[in-house]
Amino acid sequence: MRLDPIAAPSPARTLGLPALALGATVLVAMGLALIAGADPLATLGLIARGAAGSKFALLETLNRATPLIFTGLAISVAFRARLWNIGAEAQLYAGALVTVVIGTQLGLPGPLALPLMALGAVLAGALVLLGPVLLKTRLGVDEVVTTLLLNFIMALFISYLLEGPLKDPMGMGWPKSPALPRDARLPRIVEGLRLHWGFGLALLSALAVWVMQTRTTLGYEIRATGLNAEAARFAGIPVGRVLVKTALISGGLAALAGFSEVAGLKGNLTADLSPGFGYTGIVVAMLALLHPLGVVVSALFVAGVFVGADSMSRAAGVPTYIADILLATALLFMVLAILLTKVRVVRG
Amino acid sequence: MTETKEAQDVVLRLSGITKRFGALTANDAISFSLARGEVVALLGENGAGKTTLMNILFGHYTADEGTVEVFGQPLPPGLPGAALAAGVGMVHQHFTLADNMTVLENILLGTAPLWRPGLGRGGARQRVQQLSRDFGLAVHPDARVATLSVGERQRVEILKALYREARILILDEPTAVLTPQESDALFETLRKAVAQGLSVIFISHKLHEVTAVSSRVLVLRHGRLVGEVATAETDRHQLAELMVGAEITPPAPAEARPGATLLKLEKVSTPARGNRTGLRGIDLELKAGQILGLAGVSGNGQGALADLLSGLETPSAGTMELTGETVTSWSPRDALKARIGRIPEDRHTTGTIADFTLTENAVLERYAQPPIATSGWMDWSAARRAAEQVIETYDVRCPGPETRIRLLSGGNMQKLILGRVLEAQPMIILANQPVRGLDIGAVTYVQERLIAARDAGAAVLLISEDLDEVLTLSDVVRVICEGRLSPEFPRGSKTPAELGQWMAGQGFDDAA
Amino acid sequence: MTEIIDILISASFWAAVLRIASPLIFATLGELICERAGVLNLGIEGIMVFGAFAGWMAVYAGLGLWPGVLVALLAGMAFGALHALLTVPFGLSQHVVGLGITMLATSSAYYAYRLALPEVTSPPRIDPFQPLHIPGLSDIPWLGQALFSQTALTWAAFGCAALVALVLYRTPLGLAVRAAGENPQAVEAQGLSVAAIRMGAVIVGSGLMAVGGAFLTMSAFSSFFFEMVNGRGWICIALVVFGAWKPGKALLGALLFAGFDALQIRLQQTPMGQLVPYQVFLMIPYVLSILALILMSRRAEVPAALMTPFNRGER
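Chains as they are written, first to last, in UniProt numbering: chain A, 1 to 348; chain B, 1 to 512; chain C, 1 to 315.
No lab work stands behind these hints, which were simulated from the structure alone. The model shown is predicted, which means the values in this text are computed figures rather than measured ones. A virtual CB, placed ideally from N, CA and C, is assigned to each residue, including glycine. Among these hints, one or two may not hold up.
Claimed, not checked - Straight-line distance between alpha carbons at most 20 Å, and here's what the computed EDC-like set of lysine to aspartate or glutamate pairs gives:
(1) B:Lys494 <-> B:Asp184
(2) B:Lys267 <-> B:Glu321
(3) A:Lys342 <-> B:Asp355
(4) A:Lys342 <-> B:Glu402
(5) B:Lys206 <-> B:Asp466
(6) C:Lys246 <-> A:Asp142
(7) A:Lys55 <-> A:Asp310
(8) B:Lys206 <-> B:Glu233
(9) C:Lys246 <-> C:Glu301
(10) B:Lys192 <-> B:Asp172
(11) A:Lys266 <-> A:Asp310
(12) C:Lys246 <-> B:Asp99
Stated by the list, open to error - Covered stretches of chain A, as calculated for chain C (at least 3 residues, CB under 8 Å):
(13) 154 to 162
(14) 273 to 283
(15) 297 to 309
Claimed, not checked - Here are some chain A residues pointing at chain B (derived, C-beta under 10 Å):
(16) Ala8
(17) Leu227
(18) Ala232
Please build the complete structure, drawing on both the sequences and the hints.
In structure tokens, the structure reads:
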């Protein structure tokens, strides 16, 4: 077989194939439910209801989407430059760590503490990604493996801090940090509703990234570098510097997920702060075709699948890991579908 | 007599081959046959469909219509393995060798059933050495391909076919990368092959080679077979007319009026990178209003010199002066600032970004300057106007400035690059293989634009592996070999054969 | 310092090195085969997880140990086939597909585990491979315990390394695989199918990765835990680079790496080790992997066509 490019794909093709990919994912969901001995349609219904069936469910989905928007943005920014940042998990924890340290150790008043915490988090996340990127640009060390390994190193570092210097003396022996003071937490968007300003910050970030990518020279440089680094370098684009800038933005965005989770939702740092938001961000970004505004939509979808699966699992007895399988399937189906919007499979 | 001979001795017959790529018909109902012990030249300009036809014959592509018969047996389409087994060997224009493997490994690849234990290197080595002797193809079987010259690599490609006992040999533009002397040696090898009963299809767009080597010429134009003549009964004028529909008149630039020296290199060296040759202490002067042509076999330092002028490479020794001032900081951006216009060797990988639009590609070298951008913010309408300007002035045929450039033909892509370069009013122009792979119309257009730029006072450095092209355009010629430069030869002072000797490294003063 | 010497002269240390190295050898060889053919397989981590689960589950469900290994192998090959289909004929991003396969394989293993054992609190055990007694050799004092007290699966790992080296360098098949990773055009022009060679390499390589995972549940331990692979797959990718894409060097790399790992485990128990947080010791494998990558960055002999998709007849 051979792939022939399609010069002008029809709208039916560009829209139909991704829809087909989502449809196929739904079929997989039904199959998985069947294997688990549950009624496929009822399972789907339970997932949907669990994700958006009530005000509580909806708020839960929005809350879960918040860190995913940040990590999804982090990854979409990096992947656009063909910088394979698989270390959003480590950057998230770096951000969470700095947030807690500034919030609990400096004793600053809230209005001062919050911006400082956010800024510190961004810097920390940026620094965590800076290392692998410098290794890539200076020595040609592949960043996929280094960023992946840093996730494990960061997890152990956090574990050490939570059992040592950062351990909450009042934590009854649990490895967790002291809690942020009340006024160093992100306020709710609407009083009484469990949704904090981290979500607002995530939306603003998506907008900012979109403007950056489409309207600024940096956005142009990032796209040029990602699509063809050799031609970009030839044209005078400082590819190394562009990658470093990309890394700073990407790492910073991932760290904001940690900031938002700690300051908006949890109030303290634990070793299980993130159930893999950094990795799930890859799915979010790919489903959004790396578009920053699309990231918001796809983060909501992904969060809905997780929240819905959690609630369905309690009711129907299908393991929650169904959500992870579905997202991995959706990712693979989607990249294939997107390819097939651009090429045609021919024989010979 | 010919008819009966054909009937008996036909080794290959193509019937009604048609191949379409989208709207383009690359081959339109082409039929011909090849006899035993015959050299047929397939002549046509770039884009005429020669390579496509041979790729169908060899099984890289599947034809939409038509059949191929080898020794009377139909060849299953789309299977290079079947073509090889039937005795067809192909020497591709872009060599298909694995650089990090040895000559012997490259030759052995695919010759034995995959599941057989053992490679049988010993016996194979002896056979390769025997073939090398028989056909005059000297090359060391255990050398890594990366260490070989272009000429040696071609010999490996021919050995690959001979090792598999090919009876029909297809050579796609085999002389494009050789010195005139190496070409003569190749023709000698072909004569030996024919004497042993092999048949050869020789693809070329050069008339003098075709007349030198073949017994019959097939001419392709726009995918159609427009002529089939015995070489003895034709001449270059007739072939040229058949090939392009009109007689070829290469541009004849008027006498140059060289001005001030704009770029001066003294004893400049650059490091070798991987398998790429560096520069070894070269002196070079580029003068306003002059085209300096750089001839040489590919891989002898042209890349290093082009990268140096592009700003991608900095001298490791020696000095570089631009309009009398010594250059201290050097990057692609500095080169652009110094008004060096660069036409890169590879328009697909270096010159353009395939998934960018024409607009985005048109401003690639000045995206950060007003009016395209002010303090970091892009002005896309200004960028679009700049692109429209280039499209208009340089006759870039395209659906519009928002089209992705990957959809353009090579010629139109090159016109966009040319426009991008010339619109910036460069003082020095680096033209690295500016017309490679273009059809004749685009070739003439690009060449005339370069001459016009010279007449307007620009210094042009033309790098080409095509000696004819260098000789046509250059006011002075220099030859590059193993990172060194020959003296300047004014237009007309050296014959191609003499330059060929320089290209092979003779005449260089190694003590220097 | 004396503590380190004490560890190094203990026979159990060397036995542990071979044991720790075994899963790494399998998986590193698997990745090496994929990359030699030109395909980066980031599915490795998930395929190891699934192999660990599948082999263990098969035995738990009543199959023998070797059939269990076969189940793991086949499961790995199935995920490899999916990876190969998406990255070879379709030429999709090997990064994205590989990570997707890792997510899919990991979550599938967890899902199946939860389905099979919904209520368990502590993971059930199987009877794992036992050390193979080699008459004569195993009875040599010290040496017998240090080198000849391994399970059959460890010996299989070493046998695999020899076999992979033999095939790669001494057979037409290996020549074709290496050429596919160096220049697919060369393979195509010699009448072979690049797609078939690359897909075959990815499928076989993925099978080996799964066997590496199965070693954990069937030889090193006797139960399946979540997160038991714990980044070993990523470490193996670093080991392939460290081994310069050569089976022999990759084997040495895995042994060296296992040596450091065995050493840090034992150092933790020493009085000196008690002074350092245990997390520092646990970081060592990951830090070493990064150091290995940095060390080899200058002279890495990457297959020239690694991560370059090949589309027949592309113009």
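Verification of the supplied hints:
no.	hint	result
1	B:Lys494 <-> B:Asp184	19 Å, holds
2	B:Lys267 <-> B:Glu321	12 Å, holds
3	A:Lys342 <-> B:Asp355	12 Å, holds
4	A:Lys342 <-> B:Glu402	17 Å, holds
5	B:Lys206 <-> B:Asp466	10 Å, holds
6	C:Lys246 <-> A:Asp142	18 Å, holds
7	A:Lys55 <-> A:Asp310	16 Å, holds
8	B:Lys206 <-> B:Glu233	18 Å, holds
9	C:Lys246 <-> C:Glu301	10 Å, holds
10	B:Lys192 <-> B:Asp172	19 Å, holds
11	A:Lys266 <-> A:Asp310	19 Å, holds
12	C:Lys246 <-> B:Asp99	17 Å, holds
13	154 to 162	holds (count 4)
14	273 to 283	holds (count 3)
15	297 to 309	violated (count 0)
16	Ala8	9 Å, holds
17	Leu227	5 Å, holds
18	Ala232	7 Å, holds
Of the numbered hints given earlier, the model fails hint 15 alone.
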